[in-house]
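Sequence lines, in order, name chains A and B.
Position in the first sequence counted from 1, then plus 2, gives you our numbering.
So in our numbering, spot 298 of the second sequence is number 286, and the numbers just go up one at a time.
Some clues are possibly wrong.
Between beta-carbon pairs, the in silico distance windows are [what the hints assert, rightly or not]:
1) Glu46(B) with Thr223(A): 27 to 37 Å
2) Glu46(B) with Val213(A): 55 to 65 Å
3) Ala(-2)(B) with Ala95(A): 49 to 59 Å
4) Pro135(A) with Ala102(B): 22 to 32 Å
5) Pro177(A) with Arg85(B): 50 to 60 Å
6) Gly122(A) with Ala102(B): 29 to 39 Å
7) Gly122(A) with Ile285(B): 49 to 59 Å
8) Pro135(A) with Gly24(B): 26 to 36 Å
9) Ala115(A) with Gly125(B): 26 to 36 Å
Covered stretches of chain B (chain A as the covering partner; in silico rule of three or more C-beta atoms under 8 Å from a C-beta of chain A) [said to hold, decoys possible]:
10) 35 to 49
11) 54 to 65
12) 68 to 76
13) 87 to 94
Looking from chain B toward chain A, a few residues come up when the C-beta cut is under 8 Å (computed) [to be verified]:
14) Phe79
15) His81
16) Arg135
17) Ala139
18) Ala279
Because the hints were derived from the structure by calculation, they are not lab data.
Please read all numbers here as calculations on a predicted model, not as lab measurements.
Glycine included, each C-beta is placed from N, C-alpha and C at the ideal position.
Below are the chains, spelled out letter by letter.
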Amino acid sequence: MSVAEDIALSAWVTGLLALTTTAVLLVVSPPLAWWIARTQSRWRPLVEAFVALPLVLPPTVLGFYLLLALAPGGPLGAIVHTLGGAPLAFTFAGLVIGSIIYSLPFVTGPLSAAYRTTDGQLLEAAASLGASPTTRFVRLVLPLHKKALVAAGVLGFAHTVGEFGIVLMIGGNIPGETRVLSIALFDRVEMLDYAGAHAIAALLLAFAVIVLTFTYRWLRT
Amino acid sequence: MRLKAQGELARGADFRLRADLDVDVEGVAALVGASGAGKSTLLRLISGFEPRAAITVEVDGERWQDSARPGRGVPAHRRAVGTVFQESRLFPHATARGNLEFAGRSRRPGVKLAFDEVVHVLDLEPLLGQYPHELSGGQRQRVALGRTLLAPAKLWLFDEPMSALDPASRREIAPYLYDLCRRHAVPIVYVSHSLPEVLAIADQVWIASAGAVSAVDSLPAFSTTLDHPLMSDDQAGAVIACRFKSFDARYGLSELVFADAPLFVPGDLSAVPEPILLHIPARDVSLSTAAIDHVSILNRVAGTIDAIVQDGEAALVRVGCEEQSLLARVTRRSVDELRLEPGTRVLALIKSVAVRTTAELGPQP
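Take these sequences, add in the hints, and give me the full structure.
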């Protein structure tokens, strides 16, 4: 496989993974972030800690436990097996699950920070107009913090593109299935193919710089 | 509508609301009192924004909140109460139309007004496409008022909704609210600091003081309470209820009956529903201890002084006439020279009266 083919295929896997992960996170994160921002439950710190784990743990630690969980004998793997599904370890689906967990704090964190600034007076006004808690969230909180949602989505996407440790543990290196750009880069360096490594590294760097620059600029307008 | 609020709410060291309210709200109830007296808090309680307060709130026998079970009451969005806040609280991400449409979605019980009617009467048509930050304070408040009227409700709570409006819009909107309230039989509790506003729209007056709602009065009883919170207004004076007797087309005067005495009021009042309410500013009432005939003032009512209080450089004298009362503001020198004291028989000379009818307040929608 030529370098160009390798980059194209890995970029395709990376893009698909980041898109799928971001799509799931944009559904899961807003309600979770709203709950974290508003709840008075004593479980909040624990939930917040679990969401934030990928920020502090080496990705390999998460990857290791996910590998155990997703293996045919592991708890998640067993459930999938009873439901008649194929094993998840070393598959694209397994990679998606890992990425969701890995990028969760990058989407949920900024969102709950934004949600915490919600003007309580507006929520009261909405309630006085007969809006239920769900309606208040969907029709008031989400549109009020539309920018934060877009920014969190972009951040989640970019972060998924840049993941490495978890993929290495649970995805492996199957071209067209689990070989993402960061893995391809690592692989090239191992093979002492510095020219190929340069191409991939520069691509990832440029992507990160462009995405972040445009996001920060847009957030200010 | 029967409204009960009983219990005590303490917040911090220096704020207490001792609610002890059990009233039939009909028409417009004006809630008056000094700032910090707990007016807004009482409205918040009824709306459901103080769910953990140990105060029992009951509306038409339905218990919305129970002092014994704080935090377990009917949530705010299911209470058929529409609130207009002091601030407009418009949703900044939506246009005026978006804000109005937000209100129309609720399916809780209550009266629901037509979108077009509300837009027409509050003159919102030109504002519909604009965002809150593009509107003036008065315009924002009009949209907020419209938004509340579009959500289903059995009771409306207005926390000084007109304070941001210019006098012209006030004169237009006040009679509309008054009319709505009667047409749909939705009572309104209306916080006000303005005596003219209270005189224009209130059917009953609730007085809040020192964190408690201390009295519920009819408008005539309230207006002749010598120490009510709005007494310092230039317009302070008695509101009296009269019957119509006849209209004299020659002079353009209606003859009304008050405490067995005739009162002459400009204009044909034959079509005004009884009792006809007249507002008589205390500054426009003079007192005489002897009958006088050669004077241009037509309206003279005999009565007995039942209270005198000092009012700055002047004195405020309450004159009982049958079941009702008049107020007169006279100089303290007059009090001494005429030897006015409770029990003195006097003749009240009335220089001006204002008729309280919705027609007087402005055009009907």
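Hint by hint, here is what the structure shows:
no.	hint	verdict
1	Glu46(B) with Thr223(A): 27 to 37 Å	violated, 51 Å
2	Glu46(B) with Val213(A): 55 to 65 Å	holds, 57 Å
3	Ala(-2)(B) with Ala95(A): 49 to 59 Å	holds, 57 Å
4	Pro135(A) with Ala102(B): 22 to 32 Å	holds, 28 Å
5	Pro177(A) with Arg85(B): 50 to 60 Å	holds, 54 Å
6	Gly122(A) with Ala102(B): 29 to 39 Å	holds, 31 Å
7	Gly122(A) with Ile285(B): 49 to 59 Å	holds, 57 Å
8	Pro135(A) with Gly24(B): 26 to 36 Å	holds, 32 Å
9	Ala115(A) with Gly125(B): 26 to 36 Å	holds, 31 Å
10	35 to 49	holds (count 3)
11	54 to 65	holds (count 3)
12	68 to 76	holds (count 5)
13	87 to 94	holds (count 4)
14	Phe79	holds, 6 Å
15	His81	holds, 5 Å
16	Arg135	holds, 7 Å
17	Ala139	holds, 4 Å
18	Ala279	violated, 58 Å
Hints 1 and 18, counting from the list given before, are not met by this structure.
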